[in-house]
Structure formats: C-alpha cells, structure tokens
Amino acid sequence: MTVKTFFYGLIASFGLPWLIMLAVPFGTMRSLESPRFDEVNDESTALYAPTRGGRTENGSLIYAQEGCAMCHSQVTRPSYAGNDVFREGQGGTKKNPERGDTRRITNAWDFSNGEKRAHIGESRIGPDLGNFGNRLDALASSENHKAAAAVGLELEKDGVPLTPMQIAVALGDKAFDKELYVYKHLYKPRKENPTDKRQEKHWSVCQSNPQFFTKTGNYGQGAVDAVAVKCDKQVVPNDNCRAIVSYLINLKKDGAVPYAMQYSKDKKKAGK
Amino acid sequence: MSTSTIPNIEDAELRADIDRSLRHPVMFFFASGAAWLAVSLVLGILASAKTHSPDFLSCCACFNVGRTMPAHMSTLIYGWGAQAAFGVIIWLMSRLSRQECKKSGIILAVGHFWNLMVAVGTVCVLAGSGTGIVWMAFPKSIMIALAVAYFLIGIWAVIAFRVRRGGHIYISQWYLLAALFWFPWIMISGILFGQAYLGNGHPLMITASTAWFRSALMFLFFTPVAAASAYYIAPKVTGRPVYSYSLAIFGFWALAIIGPWAGMQRMMGTPISSFIQFLSAGAAVLMIIPAIALFVNIIKTAKSNSDAMSYSPSLRFTVAGAVGMLVFTVLGAMMALPDALRFTQFSVAQYGLELTGLLGFFSMCMFGAIYFIVPRITNREWISAGMITQHFWLFIYGVSFIAVFYTFLGGFMHGYSLEQVGEPHSAAVARLYPYAVGLTTGFVFILIATFMFCIHLMLMWLRLGRRSSHPTLLARHAHSSPHGPEGDLDKLESLDSKASTN
Amino acid sequence: MEPNLRDTPLRRFNTFWWGLALFVVFGIACFVIKNFFQDDEMYSADDERGKERIVKREQVEAAQAALLEFKKDGDSVQVPPSALFSLAGEILETKPADSGVPHNKEFK
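Protein chains in written order, with the numbering used here: chain A, 1 to 272; chain B, 1 to 502; chain C, 1 to 108.
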C-alpha cells in the first residue's frame, strides 16, 4: 500500500458515507415541502404546516443551555422503534374531548416551528416532553373542574357543557395557573408534583433551578407569579424562566395530520 | 555488558535525541490531560449524584445535571482524550518516522492555548452558556479555536511522516495518519453542520449531525490512536513482531470503511430518512469486525511472550484496552440491534456505552502508552510499582462495574421500565435509582485510581522519578535480565568507577 | 548514519501547506455540497401559511373585482367606481345655483 493509495482509499471510504448520511440529507431536508390535506380523505385542502405559540426560539435556546435534553426527550417513536405511541400522554391523549384519540408519532414538521435545533434528547431520566403542553392543559382542565365543583359553579349552560376556556374565565382568580405550576416545578420540583400513589416520596429527580429566579422585596399584595416567600423576600421568575416556561407550555405534537401520514391502525377517513 | 555495534548505538542515540526533543510538549500533554481526567471524573460524580440525589448541592445551578454532564463529557474528550492522543501521536510518529521534533516550542505553546480554550469552554458550560450538545458543548468560537489549534499540533506529525527515512511503514503509522486525516474533517463537519448552520438547516438534521459527530470522533479518532498505541506497545514490550500484519491492515480498512457510517442509530425512530437510521445501526453491528481483528492481533502478540504481561505495566494496560475495545463494540452492536434499541435508545445505556469506550478502551490504551513513554522522555523510572498496580486494578474495577452494572444491566432494566406502557414514569425513575448509585460508586473508584496516576505522573514531570538501570516492573524477573544488575544508576556508576580504579 | 535524503526544507514546506489546504478543503466541501443540494428557500411554517393566505387573498380580490364590473341590468347600468371619478370631479367644480327658496338666515 503506497501513501497515495492510502489517501485515495481514506477519501473514498470516508467521503461516501459523509455525503450520503450527512451532507446531502442536510441540504435536501432544509427545504422540506409541506404536505397537503386530501380533499377525499380529510375533506380539506389546507396545507399541513403546524405552527407553535409561545416564545419558541428563546425558550428553545435556554432549554439547550440548561441541558434539559440530558434527561428529557421530545420524540414519539413509531412502533418499530419503541412503545412510545401507546403511552398515554406521550404522543397525545386517548381522551381528547373534541378529537378522541390524538396519539401519533412525531413528524418532521413538528420540529420546524421556530426551534433551530430539535431537542430529541439524550435519555429519559425524566419524562418525554413532546406533548407536555397537552398534559398541562388536561391537568388544568381537571383542576378547574374540581375548583368549579367546589365553588358550586354550573358546568352546563342550556344543556351544553361549558368548554374548558369558559370554565377558566368563570373561575377568574381561582382558575388553574399553568405558568405558576411550571414555575413552581422548576423552583422546587419535589414539592409540587402529585405523589404517585404507589410510592411515598415525590418521585421527580428534576433539578432545582435557582438561576431562573430572583428575589425581590416582599411588599404590598405580592407578585402574582411569586413562587415562594423566603426570608421575607419574594422569589419571582426572571425573563429566562418566562421564556422557557412559555416554550414548555406550548410543547404540543399531537395536532391533526393528513390521512396519508397517519400510521395508526385505527385511522379513520374524515366524514366516516 | 556486551559491546554494541555502531548502528545500534546510533539508533539508540537517535531515539534519545527524539525523546529529548519531545520532552516538554509530550509531558505537558500527558500531565494536563491527566489533570483534566480528574476534573472530568469529579464533574461526572456530581452529575451522577444529581440524578439519584437531586437535592445535593441544589443551591447552585452550576451543579445541575444539565450543566455538569456536558461539562464532564467535554473535559473528558477535549481535556483528557484529545491531549493524551496528541501526546501519543507526536511521540509515536516521531519515533516511528525516526525524526526529531523541531517545533516543540510551537506545539507546547499551542498546547497551552488548547488548555486555555478547554478551561474557558468548561466555565461557559457550567455558567449556562453551552450549546447543550453532549460532545460539542463548548460554544462555537471555542470549537473553532480548538480546530485551529489541532492543525498547529497535528501538522508536525504529518511532516515527520512525510520526511521519514524510507522503508517499512508500520501499522501504527497508518493508524496515526488516518486519525490525523479524519479528525479535522470530522471536527469541521461537526462545527459547520451542528453549530454554524443553526437556522440554516432542518433542526432534525442539525441534531442528527451531532449524533454522527459523536460516533465518528469515537471510532475515527480515539479508536485509531488507541490502536496505533497498542500495535506499538505489544510488539515492543514482548520483543516479538505483530502476530499478523495482513490482519492488522484488514482491521484498519474494516474500521475505515465501516466506521463513518455509524452514529445515526441514536436517531432511530425520529423523523429523518429511514435509510440513514438503519445504515448506521448496521454499521454499529459490523464494527465487531475491526474490533475482533485488533483484539486477536494484540492478544496473540502479547501471548507470544507470556511473561511480559505479568511484569510490564504498559502491556498490561494495553491488553486490558484491547479487551475493552471488544467489550465496547460488542455492547454497542447489541444495543444497536433494533429489537434492543427500543430499550436502550433513551435509557442510560448510551451514556454508559460511551464511558465504556472512552474509559475502558481508549484510556486504558493511553495509560499503557504513557507508562511506556514517560520514562523515556524524562530519563527516570516510575517511582512505585505498587501505585501502578493500584491504578490498574481500581480503574479496571470501576470501569467493569460501570460496563456491566450500569450500562448493560441498568440500561436494559431502565429501558424495559420505560417501555411498559401502563406504568407511570415514576416507576422508571425508581428503577433507575440503584444503577445511578452504582455509577457514582464506579466513578469514585476510577477517581481514586486517577488521583494516584496524576500524583505519580506529576512526580515524574518534576523529574523525581527513580534513576535506575531497570524499568519499574510489576514483578521481579525470574531469570537474569537483559538490563544488567538492578540498582540506582549513580550507585552503579560509582561502583563501576571504583572497579576500574582498582 | 546515512543522511536522510527525504528530509528537505522544501518537502517540509510543501507538506505544511498541503495540510493546511486539505483542512480548508474540508470546510469548503461542507459548504459547497450543502449549497449544491439545497433549495434556495428554507422551510418556514409561517412562510408556507403566508403563501396560502396570499393565494386566498388573490382569489377574494378577483371575486370582488368581478362583482364591480360593468353590467347592464334592465334600464339601469352598473359601472365600476372608477368610471364615476371624473363625474365626481365635475360635480365639485360646479357652483351652487340659486334655488329660489329663501334662507332662514342672512349671512353677511
């Protein structure tokens, strides 16, 4: 083997996989074409281009910097790669009041909504966060129902059940505050989590994040979003905290997809 | 002592000249690398402790897993791994090419710059300004600075190869040359596709390119450097040739052809093209082929002189490294099979596998090289065979424990629990607890071994080693030694001079 | 020892610059290959939805413009608004004529 053949061999053996696996897919996937809903199967011709609310870009950057992806994933894998899609709450929910079973695998358009990097995740030491927003909405809805029942609020109007939004508005101050719930979790994760019935200690091993909070003087009625009062000072979330919480509560990857992209065995055509 | 022939004396003088010319940069790389290894292990213990005892040191955000874990991996790779590799590369290439190093000053200066960049990068990560990518956590500017520094360290080894005296090219030289070629291509691809093109590429492909980067760095930089070291140490210490040169060349090309395809199996099930995921999984399984080639060659070479294993620290560490490579690739292959990947992809098995490769394979080979090289460049022998033995056994114990208990057992148990659809996530967290404690324990053993190694190395750096005619060996020779009578060099010289005056 | 004929300053110089060139070529290759295989526009959900909205707006404007065209409806005629603009100008230039009905107030 001469040095020349050695280098040609190296260039070929490295260059081919580099081209096929990295450089070419990177370039071509940059301008992914949006699929369209189908007139026959979906009764719609709209474009499938999901967008996400909240401070996605800021929040995603802080999510990366704080290393949340070390312990949390954000992907629901197809059944050949794992049981993710069957787990309640991970890829969607079985009991969505409007759409029924919304569980689905993640697709490429779920990640192209303002985020620059897809936080697939290193491990699942903590739960998958791909549909954290949905789980939080479901929690808010059930808590509001309980609060409404406690206050004696009517949950129906003219025979039609109130929507979660209507209940929240009716409850006013007593409505479940999603942001505050997450602020408290980020501040002291083991104090606010509902205990698992089978275990006695709070199970979360999430890290406390003091860097997301500042202390201000405790005066007047106190800040609305104060998570705690400590040594006569209020602990309030800073801007980074607001950004990442806004990002987290908008993490939803269970929106409707065109019929051609549904991989569930129970998929139904629209109108049937 | 028998009279040596003139070529042997010239050879020995050339070797001594080469060692003297490289003394400062190589010792610097080894010593600072060892220090970074200790730092990395401390950060690793912190990260591991925070997964099973999250309220430990919860006052400060810099101790959170999200920051200490990337800092730990970054210091392990760029602080210890890269610097140990650089030291071995420049010494080995110079020796095998029979070229004195004329640019030691530049290499030493750039080495200091490398350390500075790693330190700044680590501080950035701990302060919350990292990128969040595990093997590329340093900010982009630091990574670019490291790439430039690499060029100014590695090019001299390439030049040494190019101006070598004609003749046989050793298998180690092929491996080193390949590592020197692959590293910049991988670094530049990783920096561009993983960091610089942020906002200019699909988020999934940016993440996929970082997954590829991680695997490519392991298989195409750390593996060839460790293999080069093993292919040098084994024949050198045993005094026998490599068992099969053609098997070695086959193993090299198998690594070159298969290695670059692996890495994307970590993206299995994500919405990137399927062929990418499955090609990588296949490549990860096929990596067993070059691993077996290396393992067979090194073990057969070592066995050709079975005494050497019992007394040579270099050979012992190197053979352990070869075993480590086999374990690493077999575990990796098992985990890459799609039926197993569903369990291991998001369990702790992936991190454990990286540790097995970096510590159990690469680090062991580097220790073997360091125990061989340092006496030659400092002209002193290691002070304590006992410390070397302790280093070996404690390190082996820690790494084996991590490989078996944490990676294999913990990885599959954790993954199995994650796959149980009906169970809440708290069950997986509870299942992980003992394995996380096991990881911390394994790290503690490795840290103790590393402290011993660091102290030993620092003493050698300060030229406080033994001045002796005999190398420090782990067992006494049963028969008479080719090195002559054992003893302190000064005393032997004074005895000699007394004998000659009498 | 025999002198090493391969070790010349030129060879060393060459190797250094070839090495640097290779380094730079890796970067250029990444850049060129990616740019060669990419389309000019990067996917953006907002832009895609924007394109849909533009199509809809054009459809709406065309439909509205169609309603304002010239039409004869029995005795009356529908004209586009622009046809009356000149008429409006003429109306502005006319001066008010005496209507013959006295005012309530006298303006001095």
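What the hints contain is simulated information worked out from the structure, not anything from laboratory work. Ideal Cβ positions, reconstructed from N, Cα and C, are used throughout, including at glycine. Keep in mind that the hints are not guaranteed to be accurate.
Stated by the list, open to error - Interface residues of chain B toward chain C, partial, derived using beta-carbon atoms under 10 Å:
id	residue
1	Arg20
2	Pro54
3	Leu57
4	Cys59
5	Phe63
6	Lys102
7	Gly154
8	Ile155
9	Phe161
10	Trp185
11	Met187
12	Asn200
13	His202
14	Leu457
The hints, checked one at a time:
At about 17 Å, the closest approach between the beta carbon of Arg20(B) and any beta carbon in chain C exceeds 10 Å, and the interface hint on this residue is violated. The beta carbon of Pro54(B) is not positioned within 10 Å of any beta carbon in chain C (closest approach about 36 Å), and the interface hint is therefore violated. Hint status for Leu57(B) relative to chain C: violated, with the closest Cβ pair at about 41 Å, above 10 Å. Look at Cys59(B): its Cβ only gets to about 41 Å from chain C, farther than 10 Å, so that hint breaks.
Taking 10 Å as the C-beta cut-off, the interface hint given for Phe63(B) is violated, the closest approach to chain C being about 37 Å. For Lys102(B), the suggested interface contact is upheld, since its CB lies about 9 Å from the closest CB of chain C, less than 10 Å. With a least beta-carbon distance of about 8 Å to chain C, the hint placing Gly154(B) at the interface is held under the 10 Å criterion. Because the closest C-beta pair between Ile155(B) and chain C is about 5 Å apart, less than 10 Å, the hint holds.
Annotation: Phe161(B) was flagged as interfacial toward chain C, and the flag holds, the nearest CB pair being 9 Å apart, inside 10 Å. For Trp185(B), the interface hint holds, since its Cβ comes within 10 Å of a Cβ in chain C; the closest pair sits about 5 Å apart. Proximity of Met187(B) to chain C holds as hinted, the smallest CB-CB distance being about 9 Å (cut-off 10 Å). At its closest, the beta carbon of Asn200(B) sits 7 Å from a beta carbon of chain C; the interface hint therefore holds under the 10 Å criterion.
Satisfaction of the interface hint for His202(B) is found here, the shortest Cβ-Cβ separation to chain C being roughly 7 Å, below the 10 Å cut-off. Evaluation of the Leu457(B) hint against chain C yields a violated restraint, the C-beta minimum of about 31 Å exceeding 10 Å.
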